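Here is how the chains run, residue by residue.
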Amino acid sequence: MISSVSKIAYCASRKCKFRKPIDVRSLLEKALDELGYRGRIGLVETECLISCFQGPSIMFLPGGKVFQVLSEEHFTETLKGFFASLQHPTSPLLSEPRTEKEIPGIEHLDFFAKQKLIVLRNRGHIDAEAIEEYIAHDGYLALYKTLTAMTPEDVIGEVKLSGLRGRGGAGFPTGRKWEEARKYGAFPKYVICNGDEGDPGAFMDRSVMESDPHAVLEGMIICGYAIGARKGHIYVRAEYPLALRMLRTAIDRAREKGFLGRNILGTGFDFDIDIYPGAGAFVCGESTALMYSIEGKRGMPRIKPPRSTESGLWGKPTCLNNVETFANVAQIILNGGEWFRSIGTAESTGTKVFSLTGAVKNVGLVEVPMGTDLRTIIFEIGGGIRGNARFKAVQLGGPSGGCLTDEHLHLPVTFDSLQDAGAMMGSGGIVVMDDTNCMVDVARFFTQFCVDESCGKCVPCRVGLRVMLGTLEKIIVGQGEPSDLALLERQANHIASTSHCGLGQAAPNPVLSTLRYFHDEYEAHIREKRCPALVCVDLIRFEIDAEACKHCGLCSKVCPVDAITWQKKEVAVLHREKCIRCKSCIRACKFKAIH
Amino acid sequence: MITLKINDIEVTVPRGSTILEAAERARVFIPTLCHDKRITPYGACRLCVVEDRKKPGSLIPSCFTPARDRMDIVTDTPAILEAVRTQLQLILANHPLECPVCDKAGECTLQDLVIRYNITEAPFGRDRFARYVDRDSPLIERDMTRCVLCGRCVRICGELQGRDELEFNHRGHKTVVATDGGRALDCDFCGLCVSTCPVGALNDKLFKDRTRVWKLQKKTTVCSHCGLGCWVDFHLEKGHLRRITPTVFPDGKKGLICVRGHFGWRAFESPSRLSAPRIRRDGALREAGWGETVGHAAKALDEIRRSRGASSIALLTADHLTTEEARACGALFRDTLGCTDMGSLQAAGYRRILSVLDAELGPTWEPATLKDLNDAETLIVLGGGGAELHPTLKPLVNGLMRKEGRELVVLSSWPDILTRRATLALTITAGYAEDFFAELHGALSAERTHASSADIARFGVDTCGLARLISLLGEDRKTTVLVAPDPFGDNLQRARLASLLHGRTRSILPLGARSTVPALSKGPACLPAAQPRTGCHCSRPSRPAASGPSTSWARTPSRPCRSRPGSGRPWRGSNSSSARAPSKRP
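Residue numbers (this note's numbering), protein chains in the order written: chain A, 38 to 632; chain B, 70 to 655.
These are calculated hints, taken from the structure and not from any lab test.
If you're wondering where the values come from, they're calculated on a predicted model, not measured in any experiment.
We put the beta carbon where it would ideally sit given N, CA and C, even for glycine.
Incorrect hints may appear among the rest.
What the hints assert, rightly or not - Under the rule of at most 16 Å between Cα atoms (straight-line distance), these lysine to aspartate or glutamate pairs were calculated in the EDC-like manner:
| # | chain 1 | residue 1 | chain 2 | residue 2 |
| --- | --- | --- | --- | --- |
| 1 | A | 353 | B | 473 |
| 2 | A | 334 | B | 233 |
| 3 | A | 511 | B | 196 |
| 4 | B | 472 | B | 228 |
| 5 | A | 334 | B | 236 |
As the list claims (entries may be wrong) - Residues of chain A placed beyond 12 Å of chain B at every Cβ, according to the derived structure:
| # | residue |
| --- | --- |
| 6 | 153 |
| 7 | 181 |
| 8 | 224 |
| 9 | 237 |
| 10 | 331 |
| 11 | 372 |
| 12 | 380 |
| 13 | 506 |
| 14 | 585 |
| 15 | 623 |
With the rest of the complex left out, here is chain A:
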């Protein structure tokens, strides 16, 4: 019986830890000790089991049955129960959020059933630190095929056929980039992997680097073979220490096994990989700024021409691709470009990983074929809006993306399909918003981010964004004037059309798209001096609704400055002059009596 369970994977990522501070590993060890199974069942620490919405989980392998860790007391019992009767596992099994049905396995959950995993195929199933497990899951088989049975031109041909486009956001055809880099004869050439995932809220690349680092390495080695490079660099932002650790371990293991270094697999091909941690600059995710950062210089985008494929790192031909792009390469080589092309749409082939966050029930990483529409992603996979609130908007693509409304939910998500609507897929961040989000505040948030992260080289981004931020802040504190809307539009268009690099060119997108679709919210802020979503504190008129008030006194208790007085069985009274607008009362009131 227990022989059919060989491993228990437990999710140890930060998100789960914060939700419920339970040390799953020691619980497991204790339970297994008690049951006497310690030593016979391996424990695998994985990063995202991706069922973030349910809290810390454990997964039994093989089989993939996922359990929630509800509390420590019941844990050992549950485990015992499970082992006692594998045929009929008892709760707390993972349950389908909508129907509350128990389900036998992770793959039956809607959240996972609708996903098609190529990039994320190994997550949770393998120990990221054990290269043997990666190999057992067809790891490095593509490399073997490449080095022994294909010429560099064959490899480039296959990647071109697959239609793979850069997953970092720009969507440049990867095969063409490799072909360009191969063309130039200068030596040495470099392969760079861009792991500086700077978009706030995006964690697609992080999960790949943490849970399947070898996929990235394999993709890079194949790229090196294709373009004629011998050296690869992975640039990982310093805010991802675990990814750095996983990658370092993976590189060490790969070197031991002969997948990196000299004479790989005995074929005479040399390739090695270094890791460069970043230093906290979003602008260093821009490819030329990234290369300057590796060279030890200031991370500022440079003028183009020449393109990096002709003269990039250290002035040599360089091929820079995103983590997710590289993670697709091995599968393309193994299954063929045609296979990849058969997934997704004609212009955007394959799958895309999205980080679905915000007001949805199922928060996490979602990998779906390109062309899947927003409604499927948000409502079927995401489970709809949490708390049964109303869908208001969806923000795509991070600080370079735009906001869309429910009119656009039918649109398929591809590189090109959202541009007419004023948004872009970007690197894959999806933030779902409900009535508690103020769109003006959302625009301000992303503009503030870009102001902080601007490199300062060109005037429109450095000065223009700050000026635009000033206008937004003016509106948010209630000093907006009707002419400000036209001013915002003018500022945004100027910045977008004259900035030097993608940061500045795309930074006005949140402002432009919210102006387009949520004009009435801006109007409310300016003309009525009111924030409909109750977010902008200066525009909220704090008032206690006498009819709704149930005299519980909770608001009075939580108010930090005693601005609410209350007497039993009477409506609470708000003293506005003391109120510091911290909104604690709004949060505390169960009856929504304050607005």
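Using the hints, position chain B against chain A.
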């Protein structure tokens, strides 16, 4: 060559030119702020945006975008004008309005653009930052509140001077140009940063608060601090020198300058300078008028010549005569008076090298010019101290080395400025430089491909480096050799080595100290051609003084002749090409 249209004007430019360069050729104005022709384009100010009719709706920065054949560029669409005006408004939003107290007023690019585009409103408000002001550095004052972050000073100090003293610190709107750690300047003080700053952020302290630029008259002349003779502009207010700047050439390119030329002019105001002629009478020097002094000198010299012969007259000139002045001097003393002993105070090493080269190469050899320096694929420097003698060699060589495939070989016994920039630096044990050059000469003349390592080793020279040098000499590369003099040594061997290399390269340039030292430049066409000469120095014209017995100062040209405009910086030696020593009278 490609042809494109700018505002419907057809213009043909070499392939690889930028749209901005094509627009200049077509005489169409495009505003720029962060652009300086001496350094690479940067693309920060975004004022130079244009539109391509074939790709409407997209604004292209013209300063770095390459021009392509059959492009159809327009520079004055409403979208472009709107972009430029908004851009200027954004720059002004961060800029203090201190024109009345700012020295740059009157020659400020920002001022000129604001007037040109008629910016009279500040729709974005004013968002000034209080950045630091550095008043502690010598010679250069840095007021960073006025800085528009164009990056020109950073680039010129890094790319051209090679000093990397200034760099951007922090990021985004907090960016500020500073030294590392915010200390005072500790650099070469060449002032190239001051010459490039388009606004009043970097200022010449010697000029600050003295006067306004519109009260100045500009006189273009040649710097006399060293033999390189960079073009400079003297700015005078009612005849008094107020500042010196590198010349702006007709093609708009600014020149190079060093600390001596830029900031060393205060010496001209020294009270101990002679400002009027004097005659010694009754044991003391007394001021006299020009006519009187010249007459007195002429009479005296004539007398001496008659009574004791021309050979009893010797001429000693100062170092900073211009070529024309020295030539006139030579005309007087050599041709009219028949004097054969002429020289200047310094640069014995230079004269020595020159005399050896003359002896070995014969009278018809011509020294290299600046063009040979610029075109060289391999630059060999024999001896150390070349850039210390001629400070502008530093940015010159720096600019050269940025091009692909250039080699700079320095053979010296001490680590000088050029050694740091060299791709191949051979360090010779101190005191053995001449011996090494002699050995190298022997090796090269005997067997052209190999030098015995045993002999070479005792000079402390790295044998791999030496092998590389030999192989470089054997390759088919344009080579120019600079010969730097050792002020305390004999300089014979390096001169001999140079003359040997002349056979391969035909491009030797002796480096000298100051202007009057006879320089060997081709110079403008009006200067005389080569003449036979004996051992030494000074200037002499090849053609007889056409204007008769011209001993008059007033007859000499008061302005240096210009070389062809647009040919870049002319190589102006001190005295003219007539630095051949005088021989017989014609």
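### Query
Are residue 472(B) and residue 228(B) close enough, with their CA atoms no more than 16 Å apart?
holds (11 Å)
### Message
Confirm or reject: residue 623(A) is not an interface residue toward chain B, with every Cβ-Cβ distance exceeding 12 Å.
### Response
holds (33 Å)
### Message
Confirm or reject: residue 380(A) is not an interface residue toward chain B, with every Cβ-Cβ distance exceeding 12 Å.
### Response
holds (33 Å)
### Message
Is the claim that residue 372(A) lies outside the interface with chain B correct, judged by CB distances over 12 Å?
### Response
Consistent with the label, residue 372(A) stays out of reach of chain B, its closest Cβ about 39 Å off (over 12 Å).
### Query
For residue 506(A), which was marked as not at the interface, is the minimum beta-carbon distance to chain B over 12 Å?
violated (10 Å)
### Query
Given the hint that residue 511(A) pairs with residue 196(B), does the C-alpha gap stay at or below 16 Å?
The hint holds at about 14 Å.
### Query
For the pair supplied as a hint, residue 334(A) and residue 233(B), is the alpha-carbon distance within the 16 Å limit?
holds (12 Å)
### Task
Run the C-beta distances from residue 224(A) to all of chain B and say if the shortest one exceeds 12 Å.
holds (14 Å)
### Query
Taking the minimum C-beta separation from residue 181(A) to chain B, is that value above 12 Å?
holds (39 Å)
### Message
Between the alpha carbons of residue 334(A) and residue 236(B), is the straight-line distance 16 Å or under?
### Response
Satisfied, since the Cα-Cα distance of roughly 10 Å is no more than 16 Å.
#### Entry: Check on residue 585(A) being off the interface with chain B, judged by Cβ distance over 12 Å
The claim stands: residue 585(A) keeps its Cβ more than 12 Å from every Cβ of chain B (closest is about 43 Å).
### Task
Determine whether the non-interface label on residue 237(A) survives the test: each CB of chain B must be over 12 Å from its CB.
Given that every Cβ of chain B is farther than 12 Å from that of residue 237(A), nearest at about 16 Å, it holds.
Violated hint: 13 only; the structure is consistent with all others.
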